[in-house]
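Peer 1: Let the sequences and hints guide you as you build the complete structure.
There are 2 protein chains.
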Amino acid sequence: MKMERGLELVSRLSRPNEAKILLIILDGLGGLYHPEFGGKTELQYANLPHLDRFVQHKRTVTGLIYPVRRGIIPGSGPGHLGLFGYDPLFYNVGRGALEAAVFLKHGEISGDDIVARFNFCTVDENRIVTDRRAGRLTNGAEFALLLNKEIPEIKGTKVKVISTKEHRGVFVIKNRVKLNPNITYTDPEEVGEKILEAKPISIAKLVGGTGDESESRAAEQTAKLVNIYTSKALEVLKNRKPANGIIFRGFSTFPNLPQFNTVYSVNAAAIATHPLYKGIAQLVGMTVLGEPTNFEEEVKILNENYDGFDFFFLHYKDPDSRGEDKDFLGKVKALEYFDNLLSRIISKDKKEFDAGKFKFDVIAITGDHSTPSYIGTHTHHSVPLAIYSDFMKGFDTTEHFDEAECTRGILGRILGVELMTILLANGKKLRKFEGFV
Amino acid sequence: MKMERGLELVSRLSRPNEAKILLIILDGLGGLYHPEFGGKTELQYANLPHLDRFVQHKRTVTGLIYPVRRGIIPGSGPGHLGLFGYDPLFYNVGRGALEAAVFLKHGEISGDDIVARFNFCTVDENRIVTDRRAGRLTNGAEFALLLNKEIPEIKGTKVKVISTKEHRGVFVIKNRVKLNPNITYTDPEEVGEKILEAKPISIAKLVGGTGDESESRAAEQTAKLVNIYTSKALEVLKNRKPANGIIFRGFSTFPNLPQFNTVYSVNAAAIATHPLYKGIAQLVGMTVLGEPTNFEEEVKILNENYDGFDFFFLHYKDPDSRGEDKDFLGKVKALEYFDNLLSRIISKDKKEFDAGKFKFDVIAITGDHSTPSYIGTHTHHSVPLAIYSDFMKGFDTTEHFDEAECTRGILGRILGVELMTILLANGKKLRKFEGFV
Numbered sequence: 001m002k003m004e005r006g007l008e009l010v011s012r013l014s015r016p017n018e019a020k021i022l023l024i025i026l027d028g029l030g031g032l033y034h035p036e037f038g039g040k041t042e043l044q045y046a047n048l049p050h051l052d053r054f055v056q057h058k059r060t061v062t063g064l065i066y067p068v069r070r071g072i073i074p075g076s077g078p079g080h081l082g083l084f085g086y087d088p089l090f091y092n093v094g095r096g097a098l099e100a101a102v103f104l105k106h107g108e109i110s111g112d113d114i115v116a117r118f119n120f121c122t123v124d125e126n127r128i129v130t131d132r133r134a135g136r137l138t139n140g141a142e143f144a145l146l147l148n149k150e151i152p153e154i155k156g157t158k159v160k161v162i163s164t165k166e167h168r169g170v171f172v173i174k175n176r177v178k179l180n181p182n183i184t185y186t187d188p189e190e191v192g193e194k195i196l197e198a199k200p201i202s203i204a205k206l207v208g209g210t211g212d213e214s215e216s217r218a219a220e221q222t223a224k225l226v227n228i229y230t231s232k233a234l235e236v237l238k239n240r241k242p243a244n245g246i247i248f249r250g251f252s253t254f255p256n257l258p259q260f261n262t263v264y265s266v267n268a269a270a271i272a273t274h275p276l277y278k279g280i281a282q283l284v285g286m287t288v289l290g291e292p293t294n295f296e297e298e299v300k301i302l303n304e305n306y307d308g309f310d311f312f313f314l315h316y317k318d319p320d321s322r323g324e325d326k327d328f329l330g331k332v333k334a335l336e337y338f339d340n341l342l343s344r345i346i347s348k349d350k351k352e353f354d355a356g357k358f359k360f361d362v363i364a365i366t367g368d369h370s371t372p373s374y375i376g377t378h379t380h381h382s383v384p385l386a387i388y389s390d391f392m393k394g395f396d397t398t399e400h401f402d403e404a405e406c407t408r409g410i411l412g413r414i415l416g417v418e419l420m421t422i423l424l425a426n427g428k429k430l431r432k433f434e435g436f437v
Numbered sequence: 001m002k003m004e005r006g007l008e009l010v011s012r013l014s015r016p017n018e019a020k021i022l023l024i025i026l027d028g029l030g031g032l033y034h035p036e037f038g039g040k041t042e043l044q045y046a047n048l049p050h051l052d053r054f055v056q057h058k059r060t061v062t063g064l065i066y067p068v069r070r071g072i073i074p075g076s077g078p079g080h081l082g083l084f085g086y087d088p089l090f091y092n093v094g095r096g097a098l099e100a101a102v103f104l105k106h107g108e109i110s111g112d113d114i115v116a117r118f119n120f121c122t123v124d125e126n127r128i129v130t131d132r133r134a135g136r137l138t139n140g141a142e143f144a145l146l147l148n149k150e151i152p153e154i155k156g157t158k159v160k161v162i163s164t165k166e167h168r169g170v171f172v173i174k175n176r177v178k179l180n181p182n183i184t185y186t187d188p189e190e191v192g193e194k195i196l197e198a199k200p201i202s203i204a205k206l207v208g209g210t211g212d213e214s215e216s217r218a219a220e221q222t223a224k225l226v227n228i229y230t231s232k233a234l235e236v237l238k239n240r241k242p243a244n245g246i247i248f249r250g251f252s253t254f255p256n257l258p259q260f261n262t263v264y265s266v267n268a269a270a271i272a273t274h275p276l277y278k279g280i281a282q283l284v285g286m287t288v289l290g291e292p293t294n295f296e297e298e299v300k301i302l303n304e305n306y307d308g309f310d311f312f313f314l315h316y317k318d319p320d321s322r323g324e325d326k327d328f329l330g331k332v333k334a335l336e337y338f339d340n341l342l343s344r345i346i347s348k349d350k351k352e353f354d355a356g357k358f359k360f361d362v363i364a365i366t367g368d369h370s371t372p373s374y375i376g377t378h379t380h381h382s383v384p385l386a387i388y389s390d391f392m393k394g395f396d397t398t399e400h401f402d403e404a405e406c407t408r409g410i411l412g413r414i415l416g417v418e419l420m421t422i423l424l425a426n427g428k429k430l431r432k433f434e435g436f437v
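Chains as they are written, first to last, in this note's numbering: chain A, 1 to 437; chain B, 1 to 437.
Simulated from the structure, these hints should not be mistaken for lab results.
Heads up, a few of these hints could be off.
A pair counts as met if it fits within one copy or between any two copies, since identical chains are not told apart.
Below are the SDA-like pairs computed for lysine to any residue, each with C-alpha atoms no more than 25 Å apart in a straight line [stated by the list, open to error]:
| # | residue 1 | residue 2 |
| --- | --- | --- |
| 1 | Lys165 | Lys232 |
| 2 | Lys165 | Arg59 |
| 3 | Lys326 | Arg431 |
| 4 | Lys149 | Asn175 |
| 5 | Lys2 | Arg69 |
| 6 | Lys20 | Leu430 |
| 7 | Lys428 | Leu415 |
| 8 | Lys174 | His380 |
| 9 | Lys432 | Glu418 |
| 10 | Lys155 | Thr184 |
| 11 | Lys357 | Gly394 |
| 12 | Lys40 | Glu399 |
| 13 | Lys393 | Leu415 |
| 14 | Lys393 | Glu418 |
| 15 | Lys160 | Arg240 |
| 16 | Lys351 | Pro35 |
| 17 | Lys174 | Asn148 |
Peer 2: Now the structure itself:
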């Protein structure tokens, strides 16, 4: 596959050095005015003394970032890919591949498999979904074990379900050669609707072409397989509770992404609690560190591994979760919690932090999208961004890290795909561009 | 034809809803300092109390837009295409097709025809053009009738002239199959010059390729046809006044543009007085409403059709016309005239307007290019832009809608192709982007 031209450029210019870069992604960071809280956003409302001090640093500048494009609401995959410098309009990663990627590390899935996200669900006798999450069941692993025992293959093609969290899991189809993941969801995405039949999608036709016969046939085979699996699973789970059905979405193969360390000449580590973010990091070839279960453990892992890497992606999930819950004060609290840990994240100790001394050469703090608690979903709005580096021009007058003040930040508005280049440049990890040779 | 990737993305994400979007294009809106008027631009000089109130609205933000690209002077076609989200560097619409498109609606022209813009002109006995507009003749239709009667075809290929306004018209060549529009103008574009011979252009050679033999031959055939037509027309019109000649430019075929309503999941209407703007709207598949002869009639049509559509493109021609006339005060007056109608355009009544209540969910006011009256032509300068939506973060401190204040607007600088995505996002007409599939 051809490399996207901007990534190719950076890839040709990157060079290794000792500089350390820290990219902190506060999931769903951006907010929106909330009428019940004085028309303020969560960042405006929160008490964030450490972030204030960070953005007030002479060598810190701020701005706003559009992780994918202006107006586009980033899903977690495209949002992170954009921030990692992989243009999400060029590099396509299916939802299934994102969810499943974390299992590549442990060898449970191979890079050639077709994967999909699944939910255990509750259905009535007419296949009508009455609960898409089967009561957020806690023993998904048992149900998975049962299905894997009873339905190990469909017409000679090996299949497997892997339970991840609650009702969620990853469906794996081996033997990709004769199959094709371009099929529709069986998940109706609403309760009261029947489980759908999977059908082949002609991607070529969607974009105005005529399509490839063999691909269409392969997608048809895949759809058939999925429909047979669904029927068999309904049979196996018939008398079970709370899950007596299974629904699929996001059928995909694993993309062959350019590898982060090679492209950027770094040795990158990723720290996150959730499989999805670990998966994205895994797909671009970062080393995924540890098994933290909360953000404080993440910070500990970061500090323990400080010497071993020169690029760190640190992911903090809570602002997004509270935003999706429409919990304004919860999101405020999550931000204040982060703020309180900031000196431990970016400085050796509190004293050094207070003196404006950081242990990374380049530090970026931003989000993969906005999740305003006033709205409760991902939105298209730009996301606040702050970058520290001793190599920064400065001139920034931002006093507080929020959506309003960042509109006046000297970075202006940038796209997600521009971020990595800026970070590398500030880490002096890029050579002069004399032309493509 | 493949879709431009950004448009394809929006196309896959768009979803219909009840939200109504109004896009007002003030043709040639942007201005430049005028030394004779205190160094002010027309927008700065004008008294625009309603526009002021509009941009001061808490949920209105401003910025600057480059309809095509920074530094590029937009023609009307590319300028509008850009604002409609069709990258003018990807989607090419010939001048002839733009002028002729409005006749597609009435079936006078078919989508397979080759078309060109023509002028009736005055020539001397040596084919030297003495007046490119034949004294802006008023009875063009009579001349067209005569030509169509005397020259219905050339070597078996049907041809036709359609008089539009004054000396202007559209030339139509049927039977496109063996023909190709890549030929040079016969219009010398200056008086005192001879009518030119049409010649084939090798587009492929222009861009460094080798070219396609059959296309070159087809263009040669087309050029021959046009040259024969020119000679015959000169013969037919020999003793006529004021027009005794005809000159052509902008030979083109109709592009197969993705259709606006399908791409954006809207039901779009266009309201304009001039054929060119109706034509562009027609080409992208908007419903062109009524036959307004002035802007007040346009506003009436807008209000009458409020219920029937959820996207409106409202075009106001006068700022451009006065700008091209180098009439500073005329352009100021045109802007003040618009300002005075604003409450009738965007609110139910004056009272609602004064209360900051608008009857559209998203309102954008901008231009397709700048036409500073100090210069008298289209220029490359960015164009002021204001967007209202309840979904806006706000934080904008713009007090007056003009070139200077918009430089500080929180939208920053955007490209024309970004506008539609922003409008749809604010109308909540886009789904989250999880990847292409």
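Peer 1: Run every hint past the structure and note whether it holds.
Peer 2: The hints, checked one at a time:
1. Proximity of Lys165 to Lys232 under the C-alpha cut-off of 25 Å is restricted to the intra-copy arrangement: shortest distance 23 Å within a copy versus 71 Å between copies.
2. For the homomeric pair Lys165 and Arg59, neither the shortest alpha-carbon distance inside one copy (42 Å) nor that between copies (41 Å) is at most 25 Å.
3. Taking the shortest alpha-carbon separations for Lys326 and Arg431, only the inter-copy value of 19 Å comes in at or below 25 Å, while the best intra-copy value is 45 Å.
4. Taking the shortest alpha-carbon separations for Lys149 and Asn175, only the intra-copy value of 19 Å comes in at or below 25 Å, while the best inter-copy value is 67 Å.
5. Proximity of Lys2 and Arg69 under a CA criterion of 25 Å is satisfied in both settings, with 21 Å inside one chain copy and 20 Å between copies.
6. When the C-alpha separation of Lys20 and Leu430 is checked against a cutoff of 25 Å, the pair qualifies only within one copy, where the shortest distance is 14 Å, while the shortest distance between copies is 38 Å.
7. Both within a single protomer and between protomers do Lys428 and Leu415 lie at most 25 Å apart by alpha-carbon distance, with minima of 21 Å and 21 Å respectively.
8. In this assembly of identical chains, Lys174 and His380 lie within 25 Å of each other by CA distance neither inside one copy nor across copies; the values are 37 Å within and 47 Å between.
9. For the homomeric pair Lys432 and Glu418, the shortest alpha-carbon distances inside one copy (17 Å) and between copies (21 Å) are both at most 25 Å.
10. Taking the shortest alpha-carbon separations for Lys155 and Thr184, only the intra-copy value of 21 Å comes in at or below 25 Å, while the best inter-copy value is 54 Å.
11. In the homo-oligomer, the alpha carbons of Lys357 and Gly394 lie at most 25 Å apart inside one protomer (16 Å), although the nearest pairing across protomers, at 35 Å, exceeds that limit.
12. Taking the shortest alpha-carbon separations for Lys40 and Glu399, both the intra-copy value of 16 Å and the inter-copy value of 21 Å come in at or below 25 Å.
13. Proximity of Lys393 to Leu415 under the C-alpha cut-off of 25 Å is found in both arrangements, the shortest distances being 20 Å within a copy and 18 Å between copies.
14. In this assembly of identical chains, the alpha carbons of Lys393 and Glu418 lie at most 25 Å apart whether taken from the same copy (18 Å) or from different copies (23 Å).
15. Proximity of Lys160 to Arg240 under the C-alpha cut-off of 25 Å is restricted to the intra-copy arrangement: shortest distance 19 Å within a copy versus 75 Å between copies.
16. Taking CA atoms no more than 25 Å apart as the test, Lys351 paired with Pro35 passes between copies only; the shortest distance there is 24 Å, against 39 Å inside one copy.
17. Proximity of Lys174 to Asn148 under the C-alpha cut-off of 25 Å is restricted to the intra-copy arrangement: shortest distance 13 Å within a copy versus 66 Å between copies.
Comparing the model with each earlier hint shows violations of hints 2 and 8; every other hint is respected.
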